[in-house]
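Protein sequences appear in the order of chains A and B. Residue 137 in numbering that gives the first Met the number 0 sits at position 138 of the first sequence; the count goes up by one each step and never skips. Residue 163 in numbering that gives the first Met the number 0 sits at position 164 of the second sequence; the count goes up by one each step and never skips.
Keep in mind that the hints were calculated from the coordinates and are not lab data. For each residue, glycine too, the CB sits at the ideal point set by N, CA and C. Please note that the accuracy of each hint is not assured.
Stated by the list, open to error - Heads up, incomplete: computed chain A residues facing chain B, CB under 8 Å, no partners named:
1) His-105
2) Arg-122
3) Asn-148
4) Ala-151
5) Val-153
6) Met-174
Stated by the list, open to error - Far from chain B, some chain A residues (derived; all Cβ distances over 10 Å):
7) Glu-4
8) Arg-5
9) Gly-39
10) His-48
11) Glu-54
12) Leu-77
13) Gln-90
14) Ser-97
Listed below are the residues making up each chain.
There are 2 protein chains.
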Amino acid sequence: MRQQERKIDTRARLLTAAADLFAEHGIAGASVDAIAQRAGRTVGALYGHFASKDELLFAVVDEWLADTATVVAAELELADDAEGRLASLWQAVSQPSSARWLALEHEVWSHAIRHPLALDRLRARYVETWQGIAQLADRWPEFSGAGANAPAVVGVLLGLAMMNQVSPGSITQEMAVRTLHLLISSPDIQGATP
Amino acid sequence: MRQQERKIDTRARLLTAAADLFAEHGIAGASVDAIAQRAGRTVGALYGHFASKDELLFAVVDEWLADTATVVAAELELADDAEGRLASLWQAVSQPSSARWLALEHEVWSHAIRHPLALDRLRARYVETWQGIAQLADRWPEFSGAGANAPAVVGVLLGLAMMNQVSPGSITQEMAVRTLHLLISSPDIQGATP
DNA sequence: GTCTATACAGGGATAGAC
DNA sequence: GTCTATCCCTGTATAGAC
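When you get a sec, could you build the whole thing from the sequences and use the hints?
Dropping the structure here:
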């Protein structure tokens, strides 16, 4: 394996290890030593790839968003009606395997609230997500109101996922779908501003 | 001031200082030394009142819930129609001064996801909140569906508040009220289980 | 009931070797 | 590109004095 290939491999290993440990033990609880060790490398290698622990965190989150967008897009194509597509969105955030993501999301929020730079990056990521929701209208007519309410759509998904995590089963798919349906199909929900 | 009075005073000071610092710097970022110092005491006094940093955290959160329930109940009484009451709920979580609470909430979630005991206490607190929402039906008829959807109501409030924090103004009061209205007035939203 | 002093542990980041 | 060794800082919790 040439050095360049090893470098790419090391970066990937570090990102995976960091994602796992940040989710399991929190940002503060996951030491750079532990991350490097799980990746089969040492701290030296880690700092050769990322300037700081924070930069590593941002890289982890960015990679996660890209991966998820791809997966969700594919699942939306598989559904064959409006209900099915809304259910896909709910499934994406509520399935048990998303618990890891939710844990990481709370960590990032906690971190961002206190670090202006991190907050900017968090905001940029959500704006990107909102745009993705808005663009669903180009593909399916039932999302006609999604543009104006995209932040609310994401907020509802996030909030319901949280409740579902404290008490699994407390949120039914029907509840989620019906709430989302109200938001995506009402372009004028913001008020009667003509 | 007698010793008993001083003890009560010290406990109150510690709780206030802890709430402030946990919100400002995170649970991990707020040292017990800093908390004690802000309260005008020392670590010794802190450990005289709370067995550990975790116990202090739980006490802070419990106190916050009790205070908030009282405030929200009072504001609900002041509103004079259904829209107004839903707007009160939204105001309670979205006003700028609630940012501190939201920060603390993320901290607690991050903490709870990794600590089973803390998760139990978090769950118990949410169940208590859900019950409070359900009981609104006894007071106002428009909350007839709140019982079945209480977790969703709380989830929506939380999720929308989060979006409003990353991008202030992205969620209008109209959006929040309309979404909440769907949930509280639909006893059968869970599906056609008779 | 509260303070001071301290034991004890752990983490982020860097320097220099290979 | 990666490793080893180390600096330096900070934190939780306890012991014993007052």
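- Query: Given Ala-151 of chain A as an interface hint, is the shortest Cβ-Cβ distance to chain B below 8 Å?
  - Reply: Where the cut-off is 8 Å and the nearest Cβ of chain B is about 5 Å from Ala-151 of chain A, the hint holds.
- Message: So, as I understand it, the hint says His-105 of chain A touches chain B; can you test that by seeing if any CB pair is closer than 8 Å?
- Response: holds (5 Å)
- With 10 Å as the threshold, tell me whether Leu-77 of chain A passes as away from chain B on beta-carbon distances. holds (23 Å)
- Query: Regarding the assertion that Gly-39 of chain A does not contact chain B, is the least Cβ-Cβ distance greater than 10 Å?
  - Reply: holds (24 Å)
- Query: Taking C-beta pairs only, is Glu-54 of chain A more than 10 Å away from all of chain B?
  - Reply: holds (19 Å)
- With 8 Å as the cut and Cβ atoms as the points, is Val-153 of chain A at the interface with chain B? holds (6 Å)
- Given as non-interface: His-48 of chain A, partner chain B, CB spacing beyond 10 Å: holds (25 Å)
- Message: Under 8 Å is the threshold here; is the Cβ of Met-174 of chain A close enough to any Cβ of chain B for the hint to stand?
- Response: holds (5 Å)
- Would you check whether the claim that Glu-4 of chain A is not at the interface survives, using Cβ distances to chain B and the 10 Å cut-off? holds (36 Å)
- Does Gln-90 of chain A really sit off the interface, with its C-beta more than 10 Å from all C-beta atoms of chain B? holds (16 Å)
- Far enough from chain B: is every CB of that chain over 10 Å from the CB of Arg-5 of chain A? holds (33 Å)
- Message: Holds or violated: the hint that Asn-148 of chain A contacts chain B, with Cβ atoms closer than 8 Å.
- Response: holds (6 Å)
Of the hints listed earlier, there is not a single one the structure fails to meet.
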